[in-house]
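> Taken in sequence, the protein lines are chains A and B. The numbering used here applies: residue 6 is where the first sequence begins, and numbers increase by one. The numbering used here applies: residue 179 is where the second sequence begins, and numbers increase by one.
There could be a bad hint or two in this list.
[As the list claims (entries may be wrong)] Here are the simulated lysine-lysine pairs, DSBU-like style, with alpha carbons at most 30 Å apart:
id, chain 1, residue 1, chain 2, residue 2
1, A, Lys56, B, Lys783
2, B, Lys431, B, Lys672
3, A, Lys8, B, Lys482
4, B, Lys392, B, Lys672
5, A, Lys56, B, Lys431
6, B, Lys577, A, Lys8
7, B, Lys363, A, Lys23
8, B, Lys455, A, Lys8
9, A, Lys56, B, Lys210
10, B, Lys672, B, Lys732
11, B, Lys672, A, Lys56
12, B, Lys363, B, Lys455
13, B, Lys431, B, Lys682
14, B, Lys691, A, Lys56
15, B, Lys237, B, Lys667
16, A, Lys15, B, Lys455
17, B, Lys482, B, Lys529
18, B, Lys672, B, Lys721
19, B, Lys817, B, Lys783
20, B, Lys690, A, Lys15
21, B, Lys185, B, Lys210
22, B, Lys392, A, Lys131
[Stated by the list, open to error] Derived list of chain A stretches under chain B, where covered just means 3 residues or more per stretch with a C-beta under 8 Å from a C-beta of chain B:
id, stretch
23, 137-150
24, 194-205
[Stated by the list, open to error] Some chain B residues close to chain A (C-beta under 7 Å, calculated; not the full set):
id, residue
25, Ser230
26, Asp304
27, Arg355
28, Lys458
29, Leu538
30, Val669
31, Ser670
32, Lys732
Just so you know, the hints here were simulated from the structure itself, not pulled from any lab data. We treat Cβ as the ideally placed atom computed from N, Cα and C, and that holds for glycine.
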Amino acid sequence: MDKNISFTLKIWRQRGPKEQGAFETYHMEDIPGDTSFLEMLDILNEQLVEKGEEPVVFDHDCREGICGMCSLYINGHPHGPATGATTCQIYMRRFSDGDTITVEPWRSAGFPVIRDLMVDRSAYDKIMQAGGYVSVNTGAPQDANAILISKDIADEAMDAASCIGCGACVAACKNGSAMLFVSAKVSQLALLPQGKAEAARRAKAMLSKMDELGFGNCTNTRACEAECPKNVSISNIARLNREFIKAKLAD
Amino acid sequence: MTKIDSKIPEGALAEKWTNYKNHQKLVNPANKRRLDIIVVGTGLAGASAAASLGEMGFKVFNFCIQDSPRRAHSIAAQGGINAAKNYQNDGDSVYRLFYDTIKGGDYRAREANVYRLAEVSNNIIDQCVAQGVPFAREYGGTLANRSFGGAQVSRTFYAKGQTGQQLLLGAYSALSRQVNKGTVKLYTRYEMQNLVIIDGRARGIIARNLVTGKLERFAAHAVVIATGGYGNTYFLSTNAMACNCSAAIECYKKGAYFANPAYVQIHPTCIPVHGDKQSKLTLMSESLRNDGRIWVPKKLEDAKRLQRGEIKGADIPEEDRDYYLERRYPAFGNLVPRDVASRAAKERCDKGYGVNNTGLAVFLDFSEAIGRLGEDVVRQRYGNLFDMYEEITDENPYKTPMMIFPAIHYTMGGIWVDYELQTSIKGLFAIGECNFSDHGANRLGASALMQGLADGYFVLPYTIQNYLADQITVPRFSTDLPEFAAAEKEVSDKIAKLMAIQGKESVDSIHKKLGHVMWEYVGMGRTKEGLTKALSEIKTLKKEFWSNVFIPGKADDMNIELDKALRLSDFLEMGMLIAYDALQREESCGGHFREEHQTEEGEAKRDDANFSYVACWSYQGEDKAPELLKEELNYEFVKVQTRNYKS
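Full structure from sequences and hints, please.
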């Protein structure tokens, strides 16, 4: 059985995008180890509400690591101490009695804070809208098995497609670059025959939107790959660069 | 009595949909540009509908409560999507998919709707592949399939354990393309609070901006709700935290019938409840039942020792294990439908054979599969699920059997719709899990994704035109009309009332009490006595909520407690509706099990003579019992039988 632990939380509180924020300190007592990190924040919020205070605002939804809604910098790491897991998949047994746990929002020019730990990630939607799709209307395309795709390619595309759009890569990057996010979508669609026709247009459009929205460039520090909760590989960035250069040379 | 018209087209079963499409009214391209459609929700149904309607040339306003359309809870579906491709040459066909779905739904769905669903299932796979959805493939490059509960063929297409994610991202990419083209305008972090009706037709919505707290008005020629199911009425479920039934309940209060609310799916393979601070339950994909074997000990004393933590599952020898699904249902074994598997687990645990400290868990064991296939193959197939299990429970499922227990997962009931997916309010359509249409009393695995996308890509884009064709001369509406002001005032009054209570209980604490009542009396085994008790307890909780809830902060500001309170006010209505429906349905069918109605072997006993109907509930006003209307189900093509998964 998991032990109960007591610890100190330092949580970033900020009323709005233009207002000054600061850390608030909260003491948590006797939290069971099998409580998830977000359930622990639920407990904190219940306690705050009981005292008549406003709860800490944070994004969360599916709580099983797939919707990409939860964010949080925990002790300096996007999505906390585990590798290959989102914040909602972290359990308190990973922490020790007496710890101080620091919780911050994603910090990046591309993701302004809305309140407390909640940030605005609509820039990701805008990058997707610039070209993250195959231009096919709903209708009657050819039979699914008419396009043969080798298992290796399909698996590689699937690995790239497993990005959940959470923004940890941007939060981890000292340049605030969204290259891992962009490259995951560009790679998935460039690998598959269905996406090849507009691969050049897509790479250029998504990258130029990324630049326009204030994200930085990639300097290969690999911080994004290390913190990605879905282990999306940096080799996708290499593929994006190749796609981009190919597109530029063809211009 | 009001007559319920399901508008099923004439003709042979296989020709109905084609006949409908051949004779329906269409809207020409110039007129499409003059017509606006509101789509609420961006899950598989909502996103696919918004994208398709935008492509066709309508002006679409699409709303979601999350920060991006890609977060809708369809994303969490793991196992797969069914289609009648028969790529495996194992005898599948449109008819067989139709038949399995009707049978799986315990003969409580409309034949014509289900046949159409099976018919378009193949188009969905073609469409998704064309969009670049990376389905699993064989070495030869063709698509791979796996099998799922309730079927004897292999017809489920999948993308690792993340099929819902990949299908939703496909629909999201189609949607993003339309946003870029300007045909769809997105409103993220907005929650629908009310429906606006003008001259008997749905003409707009009132939505709350979740960042500013302000109420905003939106007008259109038609409104589509695609807002998912009501599983979170039970507090603990596999649904995401924000999943709620407010849009559906508000439409119900405005006159849309709510159909079959008692049909709630309890999924057999979830991680058991572990404490009172838990916020949600995690599903382990049904695909695990392909290779995992479900068992409890044969001997009661072994179960007691497991419950006390003295021994582990692996300590119990093979001959002392009771593979109860294989024992009771030899033909389908571990792949019986979800309702059957869930009840069988409850039966064993009720008898004292549960295997964890609460006695509310059974084993899902992979040792035989690991022996047969090797650990690597098992890791390839289910690796991400095993990792997820280990992170949550701190147990390694490659070494010790998983522990699972049933949990609320999906709701077959929903807003009543006719064959055109139109509700009983003209101009209001409901698609996806939010409607009641295709799964009868129980949904088969991998059919939710199929229905969501069928409705959004291939059904609604046709049927909505049949309605809009009559609306081409109707100009756009001003949101200054008195109907909009009145609808907004209803919401602002409700919010003011909630904020004024300033009581002592948090929203969650009342929601947990509601969840407890629902699970205890309106859960897997229901009785007349329990349901009557549930109704009175929910009424008490409703009073408690409206007199003692505490919401901090302000109304016209971001306020996450107010968001939850508004949702809970509708969950309380929903809870009553489920209990009313379960009480009137004096039979057991699919996900609805009345303990008074079972065979000697403990199987569900259906009563076709008296209950072969869709229960449609009509709202009668605050604190009044709803009125029950019946849509008779006529089986013209399939012989209605007792479900048999034994031989």
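> Against this structure, judge whether each hint is valid.
Consistency of the hints with the structure:
no., hint, result
1, A:Lys56 with B:Lys783, "violated (51 Å)"
2, B:Lys431 with B:Lys672, "holds (14 Å)"
3, A:Lys8 with B:Lys482, "holds (24 Å)"
4, B:Lys392 with B:Lys672, "holds (14 Å)"
5, A:Lys56 with B:Lys431, "violated (35 Å)"
6, B:Lys577 with A:Lys8, "holds (23 Å)"
7, B:Lys363 with A:Lys23, "holds (27 Å)"
8, B:Lys455 with A:Lys8, "holds (15 Å)"
9, A:Lys56 with B:Lys210, "violated (54 Å)"
10, B:Lys672 with B:Lys732, "holds (14 Å)"
11, B:Lys672 with A:Lys56, "holds (24 Å)"
12, B:Lys363 with B:Lys455, "violated (39 Å)"
13, B:Lys431 with B:Lys682, "holds (29 Å)"
14, B:Lys691 with A:Lys56, "holds (21 Å)"
15, B:Lys237 with B:Lys667, "holds (27 Å)"
16, A:Lys15 with B:Lys455, "holds (21 Å)"
17, B:Lys482 with B:Lys529, "holds (12 Å)"
18, B:Lys672 with B:Lys721, "holds (15 Å)"
19, B:Lys817 with B:Lys783, "holds (17 Å)"
20, B:Lys690 with A:Lys15, "holds (28 Å)"
21, B:Lys185 with B:Lys210, "holds (24 Å)"
22, B:Lys392 with A:Lys131, "holds (24 Å)"
23, 137-150, "holds (count 14)"
24, 194-205, "holds (count 4)"
25, Ser230, "holds (4 Å)"
26, Asp304, "holds (5 Å)"
27, Arg355, "holds (5 Å)"
28, Lys458, "holds (5 Å)"
29, Leu538, "violated (15 Å)"
30, Val669, "violated (22 Å)"
31, Ser670, "violated (21 Å)"
32, Lys732, "violated (9 Å)"
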